Every structure is written in C-alpha cells, then in structure tokens.
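**Student:** For the sequence shown, the working numbering gives the first residue as 135, with consecutive numbering after it.
Hints listed in this document are in silico derivations from the structure and should not be mistaken for laboratory results. Values in this document were obtained by computation on a predicted structure and should not be read as measured data. We put the CB at the ideal spot given by N, CA and C, even for glycine. Worth double-checking, as some hints may not be accurate.
The list that follows gives simulated cross-link-like pairs (lysine to aspartate or glutamate, DMTMM-like), each with its CA atoms no further than 25 angstroms apart [what the hints assert, rightly or not]: (1) Lys208 <-> Glu177; (2) Lys224 <-> Glu188; (3) Lys224 <-> Asp185; (4) Lys208 <-> Glu188; (5) Lys211 <-> Glu177; (6) Lys208 <-> Glu160; (7) Lys211 <-> Glu160.
So the derived label-pair ranges between C-beta atoms look like this [what the hints assert, rightly or not]: (8) Leu237 <-> Ser141: 33 to 39 angstroms; (9) Lys224 <-> Arg202: 24 to 30 angstroms; (10) Ala192 <-> Asp138: 38 to 44 angstroms; (11) Val136 <-> Ile234: 17 to 23 angstroms.
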Amino acid sequence: EVVDLRSLLTQCAQAVSSGDSRTMHELLRRIRQHSSPYGDGGERLAHYFADALEARLAGTGYADFKSRRISVAKFLKAYQVYVSACPFNKMLIFFVNRTIGKLAKNAT
135 EVVDLRSLLT QCAQAVSSGD SRTMHELLRR IRQHSSPYGD GGERLAHYFA
185 DALEARLAGT GYADFKSRRI SVAKFLKAYQ VYVSACPFNK MLIFFVNRTI
235 GKLAKNAT
C-alpha cells in the first residue's frame, strides 16, 4: 500500500488548526502506521512532525521536547550526520585553522 505521507501530514496540520480532533487522531494513527524514527528520511520527517502536531494539540509545544534529554553519543552522531550532509561548517573550520596557521607562522 502506497501512502502519501506529505498529504496526510498536511491534512493533519489543517485538522489541528481547525480544532477537528477526531480527524486529527485518525490521520495521526495512519501517519504512525507508515512512519518510523528509524526509516528513510521521509518516514523520519513524518514521525517527528506527527510528534510536533501532537504536542501542539496537547498544548505542551516546545516545552515537551525541551524536557527530553539526549545522550552525548546521540548528539555527536546527529552532528556528524549534519556535517556530512552540509559541509559548510567543516569548510569554515578548515579555513579558520588555515588562517590561524598562516598568522602563527608569520608571527615567528
């Protein structure tokens, strides 16, 4: 069964904004069936977006996510994925270190 998670998420967000909790719960159930925090990028996005919609409906919003603790290992793994996908920080650090090296060499 092919499911359009983007469409389900959009419909769910509209249900949340209009206050239609019955439709929202049904859509969230379908989203949860076809999403996973361990799946591909689209499935992970759908899973965490559904979490955010539930938090908004419950009224906890950002405070609910802020209270969750993440291990250092998970944080470093996420940072590693970020750097590999978006190398701008890696290049920034490379050029900063190179500039510092040149300045230190010229200072002696």
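**Student:** Now, for every hint given, state plainly whether the structure supports it.
**Tutor:** Each hint tested on the structure:
no. : hint                                  : verdict
1   : Lys208 <-> Glu177                     : holds (19 angstroms)
2   : Lys224 <-> Glu188                     : violated (35 angstroms)
3   : Lys224 <-> Asp185                     : violated (31 angstroms)
4   : Lys208 <-> Glu188                     : holds (23 angstroms)
5   : Lys211 <-> Glu177                     : holds (19 angstroms)
6   : Lys208 <-> Glu160                     : violated (32 angstroms)
7   : Lys211 <-> Glu160                     : violated (34 angstroms)
8   : Leu237 <-> Ser141: 33 to 39 angstroms : violated (55 angstroms)
9   : Lys224 <-> Arg202: 24 to 30 angstroms : holds (28 angstroms)
10  : Ala192 <-> Asp138: 38 to 44 angstroms : violated (26 angstroms)
11  : Val136 <-> Ile234: 17 to 23 angstroms : violated (53 angstroms)
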